[in-house]
Amino acid sequence: MRATAERVRPDGVLGPVEIIWHVPADPASCDGDYPPVACGEPGISVPGGIREVPEKLTEPGRRWCTACRTSTQRTT
Numbered sequence: 001m002r003a004t005a006e007r008v009r010p011d012g013v014l015g016p017v018e019i020i021w022h023v024p025a026d027p028a029s030c031d032g033d034y035p036p037v038a039c040g041e042p043g044i045s046v047p048g049g050i051r052e053v054p055e056k057l058t059e060p061g062r063r064w065c066t067a068c069r070t071s072t073q074r075t076t
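One point on numbering: in my numbering, the residue at position 26 of the sequence shown is 26, and numbering is uninterrupted.
Among these hints, one or two may not hold up.
[Unchecked claim] Only pairs whose alpha carbons sit at most 25 angstroms apart, straight line, appear in this in silico DMTMM-like list of lysine to aspartate or glutamate:
id	residue 1	residue 2
1	K56	D26
2	K56	E18
3	K56	E41
4	K56	E6
Bear in mind the hints are in silico, worked out from the structure with no lab data behind them.
Construct all of the structure, not just a fragment, from the sequences and the given hints.
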C-alpha cells in the first residue's frame with residue numbers, strides 16, 4: 001500500500017519517535033513530498049515522500065493512521 005510517514009514524539013517529549021503511516025488522498029497523482037492525506041490531517045511531517053508499506057506493520061514504533069485506514073477501506 002502506498003503511504004507517507006509522519007514522525008511523532010509522544011506528548012512532545014524527547015525520546016523515541018513514533019512513525020504513523022498515512023494513505024495519500026489520491027495515490028495515483030502523488031508526485032511531491034507533501035501529498036494530501038486521506039484523513040485530511042494538516043501539517044504532517046513527511047520525512048521520505050511516498051513509498052510502498054506493508055498493510056501489516058511488524059516494526060515496533062510504527063502504526064497506521066486509523067482515520068486513513070478507515071477512509072481507504074470505505075473506498076475499496
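Hints, verified against the model:
1. K56 / D26: holds, 21 angstroms
2. K56 / E18: holds, 16 angstroms
3. K56 / E41: Answer holds: K56 to E41 is near 22 angstroms, not above 25 angstroms.
4. K56 / E6: OK: K56 and E6 at ~17 angstroms, within 25 angstroms.
Figure legend: structure checked against the earlier numbered hints; every hint is met.
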